[in-house]
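Spelled out from the first residue to the last, the chains are:
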Amino acid sequence: MDFAPSHLVVAPVLIPLLIGALLLFFDERERRLKRTLSLVSAAALLGVAVSLLTRVHAGGDALALVYLVGDWPAPIAINLVADRLSAIMLALTAILAICAIIFSIGRWEKAGPHFHSLMQFLLAGVSGAFLTGDLFNLFVFIEVMLAASYGLVLHGGGQGRVRAGLHYIAINLAASLIFLVGIAMIFGAAGTLNMAELSVRAGEMDGFAGPALATGLAMLGLAFLVKAGMWPLCHWLVPAYSAAAGPVAAMFAILSKVGVYAILRMTHLMPGEEAAFGSTVIFLGGAATLIFGSIGLIASQSMKRAGAYLVLVSSGTLLAAFGMSVEGGTAGGLFYLVSSTLAVSAFFLMVELLEREQGAGSDVLAVTLEAYAEAEAGEESEEADPGVVMPGAVAALGIGFGLLALVLIGLPPLSGFLAKFAILTAVMGPGSPAAGWETAVLASLLVLSGLFALVALARMGIRTFWAPVEPLAPRITLSEAAPICALMLALGLLVFQAGPAVDLFAAAAADLHDPARYLEAVMGAERVAEIRDADT
Amino acid sequence: MELVIAAAIGILTASGVWLILRPRTYQVVIGLALLSYAVNLFIFSMGRLRVNAPPVLDGSGPVDPSAYTDPFPQALVLTAIVIGFATTALFLVVLIVSRGLTGTDHVDGKEG
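Which chain is which? The protein sequence lines are W and L, in order. The opening residue of the first sequence carries number 7 in our numbering; numbering runs sequentially from there. The opening residue of the second sequence carries number 1357 in our numbering; numbering runs sequentially from there.
Just chain L, same shape as in the assembly (with noise of 0.2 Å):
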């Protein structure tokens, strides 16, 4: 478990970084989504690693916390994801109106 999620993490990290060093413009929009997908998961990850175990109490009888798993990191993936979702259409339509102007998908706006 820890291996895997550590793996996806670094994978995704290592592609998105290669990418967003690639001059066409498109190539950065998918690193910067692999990026945050790495994020995502790494602060996924920070609220420790725990199988079977619900974020939400029942609510039914005294709680005992051990059985739960912590619900605060999830809560923020969910903002993170909403506000790199809206961040990377912007810089999607940004994008195209570069490509629009320039007549070339290069990151300079111009080749070489």
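For reference, chain W alone in the conformation it holds in the complex (with noise of 0.2 Å):
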């Protein structure tokens, strides 16, 4: 008998977990074996993964693998569900998670203690938010990846971390709260926080608990939204991800992605007459987002805030698409979604190359590394200065650049440009749904966005490559450089398997525009003692 599959579903969660407590036993001077065994981990979670992306997308009838923790029965149990919309967002979660592992490994992971448990826990987190189908359980796995962090945003020290930090404690703290009492009144009304079993008990509301419902459904989505980094909920967002260290920032991009995900899969599970719940106010605050996450690019001094605002354009392109509450959009959403979140993490992690040669900060990072530096006197002490002036850096650097920018602008012929087509297509298109006023502002905030991005970003590379202050000459070492490629190549062939991967996306769009089967999945789940007993 074989429950391999089903166990599957629950070792995202559980190896991180596992592997982050276990990182706490050694002396921080282990490095070697603790990045090794961060890396392990990392890559047993993209494992995951893709295999659980193959067994739902390509396995058959199987739309979701459901877990049910404890084998309670199927709707009072906590369960975590598997179905292509996770998969996907968990691969994507690993693939940042390995990169910026390796990329820290030339200098972050020194600049303060318990970096790889501190990620360890991150990636707990976040999986375990893209795995649950329990509301209560979302919360608590929110708060694990928030908790980790609050830790990794201040890595590294500094005044300048710990005030932006500080408002990033305090704004997620008041979140969590909202949270709490959206999770209450959904409670006090529908009597479960099952969101499948929610989903069913929604559509048969009467009387007071309906209005209670939405209007705990709304404080929810009002957490959600500041994590999502929604305008005007989105004020900690840039300062926080600008001060954080380049691998932290690049694997904070999923962060946000974390809110876009929830807010996507609540809103369609929750019956609505014609659109998805609250579709409109999600519409309106993206391109809200979209609006001001592109002046602030174009207004950005330093590279770092451009990231930052380059997340909340990222951010916003999605809420606007998927507030359109069309199944192509949403599939075209998604595809932005996994371009979006690799090409920022890949733009933070080549800042940082930029940067650090006349960064703001690095005189800050120098007394940090000092004074780490002191406890392992005599070991390592080649890697004390990170990198050799590589012949033709720069310009691997600068065309580096160019392609990111290419794909984060959109133009033809990388995703971004794929991304935009296929979300524009979607609501404009041939064959698609009357055209309102919606369309006409989601087309032309997509095409501005996509404008400004290509100003600001042509006068950032400009001032950096072909006009530098002083002449650029930076050091990489291949621990810095792989990410970064590896990243691209992610992209590249985001580019070249365009097609399966267009039609995985829409796979995962109908599967969210059509609840019922994952309803199905997830209410209809077997206990492992019922399967025993059909198997004898």
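The hints are simulated quantities; they were obtained by calculation from the structure and are not laboratory data. Please note that a few of the clues may not be correct.
[Said to hold, decoys possible] So these bits of chain L aren't anywhere near chain W, every CB distance computed over 10 Å:
1. A1363
2. A1370
3. V1395
4. D1414
5. S1416
6. A1423
7. Y1424
8. L1457
[As the list claims (entries may be wrong)] If you want a taste of the chain L side facing chain W, the calculated C-beta under 10 Å gives, among others:
9. R1406
10. D1426
11. F1428
Ideal placement from N, C-alpha and C gives every residue a C-beta, glycine not left out.
Starting from the two chains in their separate frames, assemble the complex, guided by the hints.
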């Protein structure tokens, strides 16, 4: 008898959690061991995610793999559900984690204690948030993720990080309280927190319970939108992301997507007349975020701030596309989600290489490095000065920056263009529903945000590569170049394998827009004991 | 009973919101603590208010659900208290670090 597939669903939570806890027992000087374990865990996460993806996508009729925690019967148990969307998000998380961990070998893992443990706990929280099918469990996993991110945003120390971290923690604590109020109201109205059961019960509600449920869902949405960075709830995001260390910021690119994911999941599970629950608000918020992010992008003086605004632009585009509540638009949005997250992550890593020569934070970093280097005098002293001046490094960085810019702006032939094109085709191409004012707003904003990104990134590239104030001589190690190349390769794969990728995203979007099959899989999940009885 | 609970939640929330909008980090911490008390009470009240009804079944004989109060929100509150406690403690540490680095307890790290 083989129960392995169903236990695979809980592995993305357990592996990082156990490895993260294990790493706490080793001294900070055991760096090689720590980074190896950390990398193994992230690689295992990628393996599990890809395996889950092939099972639910290519493996016949099984739409979603459901894991009942503790083997309680279906609607009572806390369940973990791996469907296409969850598996895509997990794979994306694992790719970013591998790249961030490899990148941190160069210098950041030495800049403070417990970097790898925090990274693993972050992974456990993010994976859990993508998998869980229970609202309170989602809250717990998001808190795990946030607690680890509080540590990571402060990683490296310094006044700027502490100030940004203080604001980041305060706003997220407040958002968590709103989240709890929302959960409580939903429980009071519907008597369940299981997402699938909630979806079933929401359809047959009458009297006071209906408005109470809607209010609870709106509170929940507010908390998710704070995390997704929707204007006007996004003012914490730019300082926090631009203060964070390079690999941390690269990993944080997925955090705002957790909010977007939760919105996408919940809105489509709730029964609505024509559009998904609250889609007008989400559309308008997304459009406002897109405007705010684009203006911020051309106004930002440093590249890290520009990276943070690119996160906002990405969130805005996604919310606006998902707010259209059109199946093709959701599919295109998912394509954009993967493409923009990879690109923003690579952008943060690249900025780290470019800015550390002239960066204002480098003096602070030098102090912290000194403080931590004292503890391990004598070992690995050749790593004290990371990197050598590589011939042609500037050229390579310049080409990389140019390619990334093409993705982020959305110019052909790279994946940013394909994603935007997919969104626009779905909402205004042949066979699309009747065009309204929303279509016009979305189309013009997508094009205009591309123009704004073009102006900002072109100016940045010229200032950095063609007309620098002081000649650029970046010191790059292989461990810092490799993750950027890997992310670019992943982006390239999205272009060369665009056909299968679009099929996958379209299937994921179809699942979302027809929740009946998801409900069937979750509500009909069989306990291990029942399967065993049936077999014998 | 309902009036007392509702008033308690309202007063705690109002005080909490006022305090987290204040410029001193300590006021923000206390504000968040008050807000979390309000939220915990709110979750608790969402299981309906019952007096003299136990949440745990005694396990002997047939069970009459109407004689018991809903144990579920109580379990949720317990989890929420633990998580709120941990994150507030973490916030307190960051606050002290910020105080040490900047020499002021203003939330922006500088006066004015």
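Outcome of the hint check:
Look at A1363 of chain L: its CB is around 17 Å from the nearest CB on chain W, clear of 10 Å, so calling it non-interface holds up. No Cβ of chain W approaches the Cβ of A1370 of chain L within 10 Å, the least distance being about 14 Å, so the stated non-interface status holds. Not every beta carbon of chain W lies more than 10 Å from that of V1395 of chain L, the smallest distance being close to 5 Å; the non-interface claim is violated. Non-interface call for D1414 of chain L relative to chain W: holds, since the shortest CB-CB distance, roughly 21 Å, exceeds 10 Å.
Under the 10 Å C-beta cut-off, the non-interface status given to S1416 of chain L relative to chain W holds; the minimum distance is some 23 Å. Under the 10 Å C-beta cut-off, the non-interface status given to A1423 of chain L relative to chain W holds; the minimum distance is some 18 Å. Every beta carbon of chain W lies more than 10 Å from that of Y1424 of chain L, the smallest distance being close to 15 Å; the non-interface claim holds. For L1457 of chain L, the shortest C-beta to C-beta distance to chain W comes to about 5 Å, within the 10 Å cut-off, and the non-interface label is violated.
Interface restraint check: R1406 of chain L against chain W, minimum CB-CB distance 14 Å, threshold 10 Å, status violated. The interface hint given for D1426 of chain L holds, since its Cβ lies 9 Å from the closest Cβ of chain W, which is under the 10 Å cut-off. Annotation: interface hint on F1428 of chain L holds; nearest CB of chain W at approximately 7 Å, less than 10 Å.
When held up to the earlier numbered hints, the structure conflicts with 3, 8 and 9 and fits the remainder.
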